[in-house]
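Those protein sequence lines, which keep their order, are chains A and B. Mapping the first sequence onto this note's numbering, position 202 (from 1) lands on 202, and the numbers just tick up by one. Numbers given in this note's numbering equal positions in the second sequence, counted from 1, plus 1000.
Calculated from the structure, these hints are not laboratory results. Keep in mind that a hint or two might mislead.
[Stated by the list, open to error] Mimicking EDC-like on lysine to aspartate or glutamate, the simulated pairs with C-alpha atoms at most 20 Å apart in a straight line are:
#	chain 1	residue 1	chain 2	residue 2
1	B	K1080	A	E132
2	B	K1212	B	D1054
3	B	K1052	B	D1225
4	B	K1052	B	E1073
5	B	K1080	B	D1037
6	B	K1212	B	E1023
7	B	K1080	A	E9
8	B	K1212	A	E9
9	A	K265	A	E132
[To be verified] Stretch by stretch, here's where chain A covers chain B in the computed footprint (C-beta under 8 Å, at least three residues):
#	stretch
10	1064 to 1071
11	1164 to 1175
[Unchecked claim] Under 8 Å between C-beta atoms, here's a sample of chain B residues computed to sit facing chain A:
#	residue
12	R1039
13	R1078
14	F1084
15	N1089
16	V1213
17	G1242
18	S1246
Each residue gets a CB set at the ideal place from its N, CA and C atoms; glycine is no exception.
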Amino acid sequence: MQIYLPIAEVSVNAFLLLGLGGLVGVLSGMFGVGGGFLLTPLLFFIGIPPAIAVATGTNQVVASSISGVLAHLRRGTVDLKMGTVLLSGGLVGAFAGVRLFAYLQSLGQVDLLVTLSYVVFLGIIGGLMLIESVRALMRSRSNAVPKRRKHGIAHVLPFKSRFRTSGLYISVIPPVIVGFFVGVLSAIMGVGGGFIMVPAMIYILHMPTKVVIGTSLFQIIFVAAFTTLMHAWENHTVDLGLAVLLIVGGVVGAQVGTRIGMRIKAEQTRILLALLVLGVCLNLAFGLLVEPSEIYSLGNE
Amino acid sequence: MRVLAFLFLLLAGTSTATAQVEEGIVAGLSQNRVSIDARFVGSEILVFGAVKRDAPAPEGPLGVVIVVQGPNEPVIVRRKERRFGIFVNAENVTVQEAPTFYAVATSGPFDEVLTVEDNAARLVSIDESVWVMDTDATDNEQAFADALIRIRENDGLYSRQESSVRVSQNTLFDAAIQLPANVTEGLYQARIFLTREGRIIADQVSYVSVQKVGLERWIYNLAHDLPLVYGLLSLAIAIAAGWIASAAFRMFSRT
């Protein structure tokens, strides 16, 4: 069934969009990532103009993250205090990021910057996660007690605070910095930032994996909502028709994903996420390196 | 048989001096507005008409050229180049006036129906209508104009259909022009040219309005007129949908 999208001004298959939303929703619920880093390139691929894909993608991320975070809240796996601390840094970062984006746009080459940031960050994060999670899996196979590093930089800095749900007593400075940094990146890359936030929480803040996913979703809601509003207000690029179809697929997928996530081991979840991140990274890198069949492209002013 | 008839007409045309007989066009369109709604998958505009004559038809082959074009809009054409091993947008050229849609239909091979001079004078073919002004940005303006035409042809926005105009009894003609789903809104122009021996002897212009209607129109207007309200509405839908899905699944898993 074809449907005409009022803002994107293209006609696409409604079931394809529902399916895409569903797929990304499942990943969102399983891994605690908003799924924007996957959804946005997929939307480009089916012919949605990039500016509209980015803006509408963030709206879908809001819906699937809410659906996911409610499931996590009931299971008590959201550290609200940590989420709020991260968010305070995140919103400031997102605002700074939007400004930086506008500045780079005035210089031109913003597309290249976006793609390069994707390749670099996805590559680093995916690679590190894969190595770490394979090691962790091998440790658990050999029946050794998994050793978590209990003391990092977060323990020695001032302004210490107790995060009960995470079982941590650490300084608030690292979470605020992590939040800010992720906020900047999510504004530039047009994503919620979960794929950066999740590893940062695990490896920098040493939060337990179970808590990480719910907490990440919690703060993604606000960052994505802020970004959606900015895009709708400044660029008129949020397509409600597209958003509704993606959302319907996404919210159902997120519920399914949360249930799948409860059944598989944390280490396995991490390997899967790492492979996914690396896959997207390689795909984007390939696009930069290989000569395109059409070297010309059209753009609006 | 056709070849013979054509030869005969050609002979007749050259032997008798081309008498100036007034010929005109009486033409119409199947629709004067195209509505874009949620189920819009493109549309077809039927152009039909007749040759009006006060005297017997003059000699020389008759030709009909129909041009349907969408509103002009500026567009940036960018070219990628390999720099430091990766492909990046390098040169770019802004085309101030490029039609968003351009379809040419003719009653025979383009070069036979229309002379090069008249094509250039009346800006009929696509390459006559799209051209790039000299800029310092590049020394190969033509390549950018060609790229623009090529990309839009692949998108189904520009087309040239030779021999797609049916002419019967040297008087009646009709052609169907396809509008794809990705057309731009605005006032479309349908130009009809009547030619004898490739020279334009009459022309007529009609207009078609292409517009969003209903919900599509409402959403589009809201997004542009009240962007903050629109943004909040988008968020409200997202929040409500997320909550409803969560609540629904909880009920489902309890039972």
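Straight-line alpha-carbon gap B:K1212 to A:E9, limit 20 Å: Given that 20 Å is the threshold and the Cα spacing comes to 10 Å, the pair holds.
Straight-line alpha-carbon gap B:K1212 to B:E1023, limit 20 Å: Given pair B:K1212, B:E1023 is violated - Cα atoms ~38 Å apart, limit 20 Å.
Given hint B:D1037 paired with B:K1080 - CA-CA distance at most 20 Å: violated, 36 Å
Satisfaction of the B:R1078 interface hint, Cβ to chain A closer than 8 Å: holds, 5 Å
Pair hint B:K1080 and A:E9, alpha-carbon separation not exceeding 20 Å: Roughly 26 Å between the alpha carbons, so the hint for B:K1080 and A:E9 is violated.
Cut-off 8 Å, beta-carbon criterion: hint that B:G1242 touches chain A: holds, 3 Å
Status of the B:N1089 interface restraint (C-beta, 8 Å, chain A): Hint holds; B:N1089 Cβ to chain A Cβ min 7 Å, cut 8 Å.
Restraint check, 8 Å cut-off on beta carbons, for B:S1246 near chain A: Because about 4 Å separates B:S1246 from the closest Cβ in chain A, which is inside the 8 Å limit, the hint holds.
Closest C-beta approach of B:V1213 to chain A relative to 8 Å, hint status: violated, 11 Å
Satisfaction of hint between A:E132 and A:K265, Cα-Cα up to 20 Å: Distance of about 15 Å is within 20 Å: holds.
Proximity test - 8 Å, beta-carbon atoms, the stretch 1064 to 1071 of chain B to chain A, at least three hits: violated (count 0)
Closest C-beta approach of B:R1039 to chain A relative to 8 Å, hint status: holds, 7 Å
In the structure shown, a violation is registered for the earlier hints numbered 1, 2, 3, 4, 5, 6, 7, 10, 11, 14 and 16, in ascending order.
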